[in-house]
Amino acid sequence: MDRLKVDFLGKEFSNPLVAASGTFGFGREYSEFFDVSEIGGVCSKGLTLKPQPGNSGNRLWEAPSGVINSIGLENPGVRSFLIKDLPYMNKLGTRVIVNFGAHSTEDFLEGIELLNKEELDFIELNISCPNVKEGGMAFCMDNKSAYDITKAVKEKSVHPIIVKLSPNAPSIVDVAIAVQDAGADAVSLTNTFLAMAIDINKKKPVFDNVYAGLSGSAIKPIALRMVHQVAKEIEIPILSYGGVSNYMDALEFIMAGATLVGVGSAIFADPTVMIDIKKDLEEYLIRNNIESISELIGIV
Amino acid sequence: MAIVLFNKKIKDDIYMLKLKGKFEGKEGQFYMLKPKNTFLSKPISIHDIDKEGITFLYQVKGEGTKYFSTLKEGMEVDLFGPRGNGFDIENIDKDVTVIGGGIGTAPLYYLIKQIKNKYPSKYIRVYLGFTKEDYLVDEFKKIADEVIVDVGGIITHQVDFTKDDKYFACGPDIMMKSAYDLASKEGHDVIVSLENRMACAVGACLGCNVRTSGGNRKVCKDGPVFKGSEVY
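If you're matching them up, the sequences are chains A and B in order. Residue numbers for the first sequence follow my numbering, beginning at 1 and rising by one. Residue numbers for the second sequence follow my numbering, beginning at 301 and rising by one.
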């Protein structure tokens, strides 16, 4: 299995596969389906400083080859997470990424201070949730805001920071460069694509918030293009997200420049899909006589 | 993965699908069945389980159930489950009233069957409401003591809530709320089974959450069965 090992910011991942934020809870739910230590890392459900009840109304709507969600960052808040969930995550036997977002610089810094006291591998700075203002999407829509919040967080955090970028920004490449300049250790991309659905019988938007986030196979080619573009312009490593549902998708993202590959909504239809992807990646490497998957990062 | 034993049209857009194999699941739980033409799996409640396999009763509503309606004997279906809490039928010390509306009758068949097996002496009254045409009424008559059917009306108006029974309901939200409102006036709670759009069905994505008196609850994991007093 050594062929699948990758180094990400000086930490070894047993394989490049990471369960994406919001699709995997805190790891408990999928432990009944497979040994979570088999995957490279787990990213927590998106957290905010204070508990959030999430959005009202419809939260899910199936789209062609994907799903639109408007969960609205329902979460127990950082303090509860640190007591009830982080200790559990730290026992999963895999790399732990804590996804954290806020709607103000003060809340970001207060949360980072709380996380500073804890054992974890990485913080994924969520400045890109499209569903609530607390998701901080405003921070990633322009380069200066993204630069400022990243710099402020970097100055405070003892943990490595992965900044999660939005595909809804005018130029995701420019935002990626800005957060790199501000000291981000890595970037992850993409968050969900701003989308919409209309209930033609009710003649109203499906979601109370009108717009919501699209994920799944439908976004894969676009997310892949964005990862490729960003990878060409930055030096820091990339954790990719974007509709991966099999090993071929994962390889595409790696060849486009991702070191780690997130798997998200594909888990919904097949709870053990990440185990299949891992096995198939290994077989691909053996079949093609490739000693390490790292050799493929960014080769395209 | 399981093999289709049969998939037959019951009435209009109502179908019954039976899959071969040894399946687990208690009354009120559901399985996630994967259509080939949709991104997500679809939650379908257990209609019955026997030695041959598991039966699902479903209504064609969208692309996924439309796909299910095309399944033929011998074809394969991907599924996982059982999921959800199911009905609690421990310590029932009263007679039982069961209220079903439309395709909401699907999980009630297995519920009634299990209650009758466990408590043969308890009297089971069943009220079934349908919009246009009834279906499977004779099947319910075989396992219940009394079956009252209403087509086109309001089924909850026929229920005698003054009886000191244990009440169960599954159907359109408006029907379950009406049942709870009427029952609570007589001092009873109603055990209801909710429906919602789901993605993960394991409690991870929070897409199916509902607001309850005890805070947000996951329909897929904390439910689908709740007390009416929690949700209405």
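Rather than coming from a laboratory, the hints here were simulated on the basis of the structure. The structure presented is a predicted model; accordingly, all values stated were derived computationally and were not measured. Note that beta-carbon positions come from the ideal geometry of N, C-alpha and C, so glycine has one too. Incorrect hints may have been included.
[Unchecked claim] Computed list of lysine-lysine pairs in BS3-like fashion (alpha-carbon distance at most 27 Å, straight line): (1) 320(B) to 309(B); (2) 320(B) to 202(A); (3) 204(A) to 318(B); (4) 50(A) to 521(B); (5) 366(B) to 202(A); (6) 220(A) to 320(B); (7) 351(B) to 320(B); (8) 477(B) to 318(B); (9) 202(A) to 372(B); (10) 361(B) to 372(B); (11) 372(B) to 203(A); (12) 202(A) to 432(B); (13) 204(A) to 366(B); (14) 309(B) to 203(A).
[Claimed, not checked] Take a look, some chain B residues computed to stay more than 12 Å from chain A by CB distance: (15) 342; (16) 351; (17) 499; (18) 531.
[As the list claims (entries may be wrong)] Some chain B residues well away from chain A (every beta-carbon gap over 12 Å; in silico): (19) 322; (20) 352; (21) 363; (22) 419; (23) 439.
Evaluated hints:
A hinted pair counts as satisfied when its Cα atoms are at most 27 Å apart, and residue 320(B) with residue 309(B) qualifies at roughly 18 Å. Proximity of residue 320(B) to residue 202(A) is assessed by CA-CA distance (about 39 Å); at most 27 Å being required, the pair is judged violated. As the CA atoms of residue 204(A) and residue 318(B) are separated by approximately 37 Å, the hinted pair breaks the 27 Å bound. Taken as a hint, the residue 50(A) and residue 521(B) pair is honoured in the structure, with Cα atoms around 24 Å apart against an allowance of 27 Å.
As the CA atoms of residue 366(B) and residue 202(A) are separated by approximately 21 Å, the hinted pair is consistent with the 27 Å bound. A hinted pair counts as satisfied when its Cα atoms are at most 27 Å apart, and residue 220(A) with residue 320(B) does not qualify at roughly 36 Å. With a C-alpha separation of about 9 Å, the suggested pair residue 351(B) and residue 320(B) falls inside the 27 Å cut-off, and the hint holds. Taking the CA atoms of residue 477(B) and residue 318(B), the gap is near 31 Å; set against the 27 Å cutoff, the hint is violated.
The hinted pair formed by residue 202(A) and residue 372(B) fails the criterion: a straight-line CA distance of about 34 Å is larger than 27 Å. For the hint pairing residue 361(B) with residue 372(B), the CA-to-CA distance comes to about 19 Å; that is within 27 Å, so the pair holds. For a cut-off of 27 Å, the pair hint linking residue 372(B) to residue 203(A) is broken: about 36 Å separates their Cα positions. Note on residue 202(A) and residue 432(B): the hinted pairing holds, with a Cα-Cα distance of about 22 Å set against a maximum of 27 Å.
With a CA separation close to 24 Å, the supplied pair residue 204(A) and residue 366(B) stays within the 27 Å bound. With a C-alpha separation of about 31 Å, the suggested pair residue 309(B) and residue 203(A) falls outside the 27 Å cut-off, and the hint is violated. With 12 Å as the threshold on Cβ separation, the claim that residue 342(B) sits away from chain A is violated: the shortest Cβ distance comes to roughly 9 Å. With a closest Cβ-Cβ approach of about 26 Å to chain A, residue 351(B) is found to remain outside the 12 Å limit, as its non-interface label requires.
A beta-carbon of chain A is positioned within 12 Å of the beta-carbon of residue 499(B); the least distance is around 4 Å. With a minimum CB-CB distance of about 14 Å to chain A, residue 531(B) clears the 12 Å threshold, and the non-interface call stands. No Cβ of chain A approaches the Cβ of residue 322(B) within 12 Å, the least distance being about 19 Å, so the stated non-interface status holds. The claim that residue 352(B) lies off the interface holds: its Cβ sits roughly 26 Å from the closest Cβ of chain A, which is beyond the 12 Å cut-off.
Residue-level check failed: residue 363(B) sits 8 Å from the nearest beta carbon of chain A, not beyond 12 Å. Annotated as non-interface, residue 419(B) keeps its C-beta farther than 12 Å from every C-beta of chain A; the closest such distance is 31 Å. Every beta carbon of chain A lies more than 12 Å from that of residue 439(B), the smallest distance being close to 31 Å; the non-interface claim holds.
Going through the hint list in order, the structure does not satisfy hints 2, 3, 6, 8, 9, 11, 14, 15, 17, 21.
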